[in-house]
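Participant: Sequence:
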Amino acid sequence: MAKKAEKTENKKLTVTLVKSTAGRLVKQQRTVEALGLKKLHQSVVVEDTPAMRGMIRVVTHLVEVTEA
Numbered sequence: 235m236a237k238k239a240e241k242t243e244n245k246k247l248t249v250t251l252v253k254s255t256a257g258r259l260v261k262q263q264r265t266v267e268a269l270g271l272k273k274l275h276q277s278v279v280v281e282d283t284p285a286m287r288g289m290i291r292v293v294t295h296l297v298e299v300t301e302a
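First residue of the sequence shown? That's 235 in this note's numbering, and the numbers climb one at a time after it.
These are computed hints drawn from the structure, not numbers from a lab. A few of these clues could be false.
Restricting the straight-line Cα-Cα distance to at most 30 Å, the calculated cross-link-like pairs of lysine-lysine (DSSO-like) are [stated by the list, open to error]:
1) K272 x K261
2) K261 x K246
3) K272 x K245
4) K272 x K253
5) K261 x K273
6) K253 x K273
7) K261 x K245
8) K246 x K272
Please model the entire structure based on the sequences and the hints provided.
Facilitator: Structure (structure tokens):
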């Protein structure tokens with residue numbers, strides 16, 4: 235049987251925490267943690283999926299996003 239063609243182009247996003255989560259809603263603190271961010275100015279590279287876009291939208295005022 236023929237295999238399905240795999241996607242060769244996976245878009246990535248670089249997410250950087252630029253503002254502290256201190257004093258923010260618990261939902262926002264947990265979202266930042268779920269993105270893999272623990273310290274200020276820490277960056278992580280995540281896949282560009284609708285789920286990640288939704289998480290980023292919740293904390294858009296705390297993070298900076300660029301295409302990797």
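Participant: Assess, step by step, whether the Cα of K272 is no farther than 30 Å from the Cα of K245, and give holds or violated.
Facilitator: holds (23 Å)
Participant: When you check the alpha-carbon spacing of K261 and K246, does it fall within 30 Å?
Facilitator: holds (24 Å)
Participant: Does K272 pair with K253 here, judged by a C-alpha cut-off of 30 Å?
Facilitator: Distance ~11 Å between K272 and K253 Cα, so the pair holds.
Participant: Does the structure keep K253 and K273 at a Cα separation of 30 Å or less?
Facilitator: Holds. K253 to K273 sits at ~10 Å (cutoff 30 Å).
Participant: Can you confirm whether the C-alpha distance between K272 and K261 stays at or below 30 Å?
Facilitator: holds (15 Å)
Participant: Under the criterion that the straight-line Cα-Cα distance not exceed 30 Å, is the pair K246, K272 satisfied?
Facilitator: Answer holds: K246 to K272 is near 20 Å, not above 30 Å.
Participant: With the threshold set at 30 Å, check whether the alpha-carbon distance from K261 to K273 stays at or below it.
Facilitator: holds (17 Å)
Participant: Is K261 close enough to K245, meaning Cα to Cα at most 30 Å?
Facilitator: holds (26 Å)
Checked against the numbered hints above, the structure violates none of them.
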